[in-house]
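Student: If you want the building blocks of each chain, they are given just below.
There are 2 protein chains.
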Amino acid sequence: MAKASARREELRGKLIEAAEKTIVAQGHTALKARALAEEVGCALGAIYTVFPDLAALVLAVNARSFALLSAMLGREAEAAAAEGGNPRAIANRTLIALANGYLDFAAEHGGRWHALFDFRLPDGQDLPEDHLRQQDALFQHLEAPLTVLQPGLARDERALLARSLFSAAHGMVLLGLEGKLVQLPLPYLREQIALVVSAMGRGLEGS
Amino acid sequence: MAKASARREELRGKLIEAAEKTIVAQGHTALKARALAEEVGCALGAIYTVFPDLAALVLAVNARSFALLSAMLGREAEAAAAEGGNPRAIANRTLIALANGYLDFAAEHGGRWHALFDFRLPDGQDLPEDHLRQQDALFQHLEAPLTVLQPGLARDERALLARSLFSAAHGMVLLGLEGKLVQLPLPYLREQIALVVSAMGRGLEGS
Numbered sequence: 000m001a002k003a004s005a006r007r008e009e010l011r012g013k014l015i016e017a018a019e020k021t022i023v024a025q026g027h028t029a030l031k032a033r034a035l036a037e038e039v040g041c042a043l044g045a046i047y048t049v050f051p052d053l054a055a056l057v058l059a060v061n062a063r064s065f066a067l068l069s070a071m072l073g074r075e076a077e078a079a080a081a082e083g084g085n086p087r088a089i090a091n092r093t094l095i096a097l098a099n100g101y102l103d104f105a106a107e108h109g110g111r112w113h114a115l116f117d118f119r120l121p122d123g124q125d126l127p128e129d130h131l132r133q134q135d136a137l138f139q140h141l142e143a144p145l146t147v148l149q150p151g152l153a154r155d156e157r158a159l160l161a162r163s164l165f166s167a168a169h170g171m172v173l174l175g176l177e178g179k180l181v182q183l184p185l186p187y188l189r190e191q192i193a194l195v196v197s198a199m200g201r202g203l204e205g206s
Numbered sequence: 000m001a002k003a004s005a006r007r008e009e010l011r012g013k014l015i016e017a018a019e020k021t022i023v024a025q026g027h028t029a030l031k032a033r034a035l036a037e038e039v040g041c042a043l044g045a046i047y048t049v050f051p052d053l054a055a056l057v058l059a060v061n062a063r064s065f066a067l068l069s070a071m072l073g074r075e076a077e078a079a080a081a082e083g084g085n086p087r088a089i090a091n092r093t094l095i096a097l098a099n100g101y102l103d104f105a106a107e108h109g110g111r112w113h114a115l116f117d118f119r120l121p122d123g124q125d126l127p128e129d130h131l132r133q134q135d136a137l138f139q140h141l142e143a144p145l146t147v148l149q150p151g152l153a154r155d156e157r158a159l160l161a162r163s164l165f166s167a168a169h170g171m172v173l174l175g176l177e178g179k180l181v182q183l184p185l186p187y188l189r190e191q192i193a194l195v196v197s198a199m200g201r202g203l204e205g206s
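In order, the protein sequence lines correspond to chains A and B.
Under numbering that gives the first Met the number 0, the final residue of the first sequence carries the number 206; numbering is consecutive throughout.
Under numbering that gives the first Met the number 0, the final residue of the second sequence carries the number 206; numbering is consecutive throughout.
In short, the hints are calculated from the structure, not lab data.
Heads up, a few of these hints could be off.
The list treats identical chains as one, so a pair stands whether inside a single copy or across any two.
Stated by the list, open to error - In silico lysine-lysine, DSS-like type, Cα no more than 30 Å apart, as pairs:
hint	residue 1	residue 2
1	K2	K179
2	K20	K179
3	K179	K13
4	K20	K31
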């Protein structure tokens, strides 16, 4: 029993590795059960002994991508704080650094980024609890500077505002990287994001 | 000759109508040449005598959707101005009204909205000139209040900032309507958008 369970864990790990490689190189739409089975050297049906469906496998890779993004944003926030200044200046700088850190993540890890945001769970399935906890942890990076800029905000309002600001940054990163409305080289896109996010920060501070 | 040209125009009009109906009801990915030919009662090949490909047909529908969106935003801007107040108060109110007008468009015209933003031209094709002119006209709605809030901004910087603010609103509308990060009923989503956009407006004004 212990041996069978260890083999399952090993297969699980290999499948996640193989799926991650595919998502990084070609995106989550390129994920095919047959190719995965070949890659890890298992029978097609064996995949479904460790994952209920390919969606669960995408979620397992997304959990790693979330951790990577969260670590990147954590470093951005730390670097922004290390520059010093008064708490409000640090908070404003942190918001800009987080938005541009997100831009960097999207630009460097396109496949992971698309899998995080374009992937849809099959109808009726909800995100698992641990994913929601990961999201909450990610948004803590944003909530910290918001606490400084709007100390009067209730906790759930701050959580909501953090998500709204993230969505706004996501829109700029999305349309900016796709060159949808305007073709901007990355450094100019960074400047635009800084311009808009710093305006938001100042506006929040003043309210 | 004139008769043949009139027939071509008629077929063109019918195809756009049929494509529009499909896009509104099922989205642009549901557009199929065979079904369109059946719907308008022409031979499959006849489609390609008036449109080079289905992408051109999506663009023709998108031109109408752009006009609809632009008219909606124009009405929002007018209503915001009609409430009166000083120019800066009007400009701030206008930015919020435009963002929420965009939310309304996306919520009411999901198929059109997706065709505008998810549709990709075949590789190597650029948006036609008249689409770029339509985009410029749309962004005029945003540039007008920005001229009031940041009178010192050069024209091309203002054009860029209008697109960045639009992208930020797009992100909030996109993730908000998809319920990706948080499940918010529409009225709360409107409030969040107003909160973030008004912060941006105040921040721009103060800078």
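Student: Each hint needs a verdict: does it hold in this structure or not?
Tutor: Hints, verified against the model:
1. K2 to K179: neither (53 Å within a copy, 39 Å between copies)
2. K20 to K179: both (28 Å within a copy, 25 Å between copies)
3. K179 to K13: Between copies, since 29 Å is at most 30 Å while 37 Å is not.
4. K20 to K31: Intra 12 Å, inter 34 Å, cutoff 30 Å: intra-copy only.
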